[in-house]
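Visitor: Here is what each chain is made of, one letter per residue.
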Amino acid sequence: MPSLIDIRRRIRSVKNTQQITKAMKMVSAAKLRRAQDRVIAARPYVSTLRKVLANVAVAASGEDTGENPLMARREERRILLVLVTADKGLAGAFNSNLIRAAQHFIADHAQAEVTLELVGRKGRDFFRKRGARIAGDRLNFARPAYSDATPISGKAMDLYRNNETDAVYLLYNEFKSVVAQKVVLRRVLPVEVPEEIQPVDYIFEQPPEEMLDALLPRYVGMEFFRSLLETAAAEHAARMTAMDAATSNAGDMIDKLTLYMNRVRQASITKEIIEVVSGAAAE
Amino acid sequence: MALELEVVTPERELVRDQVDEVEIPGKDGYLGVLPGHAALLGELGTGELTYYTGGRPHYLAVHGGFLEIRDDHVRVLADAAERPEEIDVERARRKQQEAANPAIHLDPAQAVAVALRAQTRIAVAERARE
Chain A
19 MPSLIDIRRR
29 IRSVKNTQQI
39 TKAMKMVSAA
49 KLRRAQDRVI
59 AARPYVSTLR
69 KVLANVAVAA
79 SGEDTGENPL
89 MARREERRIL
99 LVLVTADKGL
109 AGAFNSNLIR
119 AAQHFIADHA
129 QAEVTLELVG
139 RKGRDFFRKR
149 GARIAGDRLN
159 FARPAYSDAT
169 PISGKAMDLY
179 RNNETDAVYL
189 LYNEFKSVVA
199 QKVVLRRVLP
209 VEVPEEIQPV
219 DYIFEQPPEE
229 MLDALLPRYV
239 GMEFFRSLLE
249 TAAAEHAARM
259 TAMDAATSNA
269 GDMIDKLTLY
279 MNRVRQASIT
289 KEIIEVVSGA
299 AAE
Chain B
973 MALELEVVTP
983 ERELVRDQVD
993 EVEIPGKDGY
1003 LGVLPGHAAL
1013 LGELGTGELT
1023 YYTGGRPHYL
1033 AVHGGFLEIR
1043 DDHVRVLADA
1053 AERPEEIDVE
1063 RARRKQQEAA
1073 NPAIHLDPAQ
1083 AVAVALRAQT
1093 RIAVAERARE
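The listed protein sequences derive, respectively, from chains A and B.
Residue numbers for the first sequence, in the working numbering: 19 to 301.
Residue numbers for the second sequence, in the working numbering: 973 to 1102.
Keep in mind the hints are simulated off the structure, nothing from the lab.
All C-beta atoms, glycine included, are put in the ideal place defined by N, C-alpha and C.
Careful: at least some of the hints might be erroneous.
[Stated by the list, open to error] Heads up, simulated DSS-like pairs for lysine-lysine below, C-alpha to C-alpha not over 27 Å straight-line:
#, chain 1, residue 1, chain 2, residue 2
1, B, Lys-999, B, Lys-1067
2, B, Lys-1067, A, Lys-200
3, A, Lys-40, A, Lys-200
4, A, Lys-69, B, Lys-999
5, A, Lys-147, A, Lys-69
6, A, Lys-69, A, Lys-106
[Claimed, not checked] Ranges of calculated distance between the beta carbons of each label pair, as one might list FRET restraints:
#, chain 1, residue 1, chain 2, residue 2, range
7, A, Ser-79, B, Arg-988, 30 to 38 Å
8, A, Ser-114, B, Arg-1066, 40 to 48 Å
9, A, Asn-267, B, Val-1061, 51 to 59 Å
10, A, Asp-270, B, Arg-1066, 54 to 62 Å
11, B, Gly-1001, A, Ser-114, 51 to 59 Å
12, A, Ile-221, B, Arg-988, 21 to 29 Å
13, B, Gly-1001, A, Ala-150, 29 to 37 Å
14, A, Ala-47, B, Arg-988, 36 to 44 Å
For reference, chain B alone in the conformation it holds in the complex (with noise of 0.2 Å):
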């Protein structure tokens, strides 16, 4: 048994895949799914989601949206996604580093969010490269 796994962006697709586990992260905390998940709705947070296929993982950065899970069909409503392979890791260390900067982000909340989506884009460039 496989679960089907669909990540969708509004701009585009960019997994129809089927898999054997996905890590989810939450916007309270990371979801492992496996085949056989009770159907639950949820928010999407920033942070690495990875899919295993063939025992292989894989990796993409999320920044916010939806996550269905329903009869071992995961759907992922992201407002952005990225691949490994299309993220700036110069412009995401940049914009880590401008989100400590006070005279750039006065608002806390919203420099916090920067910094874990710059965060996000390193991890996630650095763990494909492994």
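Just chain A, same shape as in the assembly (with noise of 0.2 Å):
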């Protein structure tokens, strides 16, 4: 049987966790409001983006001047997999669902040769340990801004441009609710471009093939910066969650140590007692 001592240090040991992860919680809770913010901030423009592309594009067709080399579609034998993760861990199922979609992705498409371009801290760590073909790496970003995305999609429109890879596809999580992210597998290139029921007869102040090669790239880099919009918001949302299930697991726990502890305490007395008395009956 434990000391009484040994179980009220483990009691003490476990606040002092719980008191870490109350605050992580708390923390998370203050920084996911904000990535929420940046989340709907990006909204009216990406909305708008595509209406735009979906006319434009409308227009380019008419004219005979051949596909937009982002466009262009080809067989897939070469793909960059951006995976977009956390710099950080103790976020719950966060980067272990998205590495085992990575997997799933690659195993998916043997026939296919698919080289990876990692974001964030988790993604990097463990696909440089087992070997996989890396196209660059970068770390994560706390809060996101428009131009920490657009180097990232500028490498892969180059790469796609020169033909060096068939298909660019972007996995991350996006922020459903607070207690739910989903994984996200969206191809962004070749761009398809979005549906627009209504097409508008629009002035052309530039030709719409001009138009149609400054919108692609930007609507490409939205694409990005939004994963990563989405990857922050949801990675403070996870960490909410799991730190939550961690305050009320020690919360648990140290009911549970408590009433042994009790248990313990009373024994001795018991013990004490029957001692004391058995030793005046002797007498």
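Join the two chains, each given in its own frame, into one complex according to the hints.
Guide: Quick look at the structure:
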């Protein structure tokens, strides 16, 4: 039977851990709110860009000038997979779900040559150790700015234009709600132009093909930027949920240990009384 | 009748308002937009965007992107945009000087773009102070 002091020490240590997890939960909640605001702030731009792109693409396809190199479809023999993970752990299954999805993707495309572009420390460490084909890596961004996304999207587009890859996929966690993140796999190149229901007869300040050349890189850049924003929000949400669970688990453990401690204490008192009583009876 | 003006960047929404008139820096020159304008799509240049509400002008510095006009709805998709009070004039002046220095900017086209952005920022910041 452990001594009372040992159990007390144990309880104190669990209490300390609980304080840490509680603090982490609160920090994540505050960060989540800000990350969520940024996701929402990016929405008007995305939806308008989508509409403009749809209209320009319709107008540009009328002219016979050939397909835009970012829309040209090829047989997928070489694939670039951009995996966006978090830099830090302690967020439940956030990173491991993504890494598993990436492994599935590679297994599913065994006939193709899959190269990885890794954003975030967790994904980088995992695939580096396993000697996967890696095009490049960078750390994730705590507060992603649009200028953080453009180097990644620019590199992907360069590879695609130069015919060094046949498709670019993006794999990340989407922020569904505070308790749910969804692993999302999306093909970003070749660009699939959103369909516009009713084309409008626009005046074009610049020729549509020229506008398409300017629009597509921004559209792709926005896809990458959105993945960074969603990842940031989803990461904080996942950590918040994980730390909330950890805090309540610590609470359960403290209750259990306290009960056990009281039993041990009572047992030792009983034992002492018996010793005293039997000692007195022997005289 | 009024125009509905929307100015958004990838990171935020700057304006969503009813306005009387807008002047937009297009890639190939400024466009004045009044209610009843025909549907139009175009690229955005670098320059001052001016809009009027109740006879009062408001200024923004915008740097590249797109614009769409449709049914009295003006949408400006800027790569970057700033309100006058957000502009760091000191920094803009520094950039303007750097642009003239060939040791920093080897590519003349890039130097011109940097200078243009700096000038726009300075002009917008000064406008708002008038």
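Visitor: Now, for every hint given, state plainly whether the structure supports it.
Guide: Against the structure, the hints:
At most 27 Å may separate the alpha-carbon atoms for a hinted pair to count; Lys-999 of chain B and Lys-1067 of chain B meet this at roughly 22 Å. For the hint pairing Lys-1067 of chain B with Lys-200 of chain A, the CA-to-CA distance comes to about 43 Å; that exceeds 27 Å, so the pair is violated. Among the hinted pairs, Lys-40 of chain A with Lys-200 of chain A is consistent with the structure: their alpha-carbon atoms are about 25 Å apart, no more than 27 Å. Annotation: proposed proximity of Lys-69 of chain A to Lys-999 of chain B holds, straight-line Cα distance about 20 Å (limit 27 Å).
Distance restraint check for Lys-147 of chain A and Lys-69 of chain A: the Cα-Cα separation of roughly 43 Å exceeds the 27 Å cut-off, and the hinted pair is therefore not satisfied. Proximity of Lys-69 of chain A to Lys-106 of chain A is assessed by CA-CA distance (about 37 Å); at most 27 Å being required, the pair is judged violated. Between Ser-79 of chain A and Arg-988 of chain B the C-beta distance comes to about 32 Å, which sits within the given range of 30 to 38 Å. Checked against the hint of 40 to 48 Å, the pair Ser-114 of chain A and Arg-1066 of chain B passes, with Cβ atoms roughly 47 Å apart.
Distance hint for Asn-267 of chain A and Val-1061 of chain B: a CB-CB separation of about 55 Å, consistent with the stated range 51 to 59 Å. At about 59 Å, the beta-carbon gap between Asp-270 of chain A and Arg-1066 of chain B stays in the expected band of 54 to 62 Å. For Gly-1001 of chain B paired with Ser-114 of chain A, a C-beta distance near 54 Å keeps the hint of 51 to 59 Å intact. With their beta carbons about 24 Å apart, Ile-221 of chain A and Arg-988 of chain B fall inside the hinted range of 21 to 29 Å.
Checked against the hint of 29 to 37 Å, the C-beta distance between Gly-1001 of chain B and Ala-150 of chain A comes to roughly 51 Å, which is inconsistent with it. A hinted range of 36 to 44 Å is violated for the C-beta pair Ala-47 of chain A and Arg-988 of chain B, which are about 29 Å apart.
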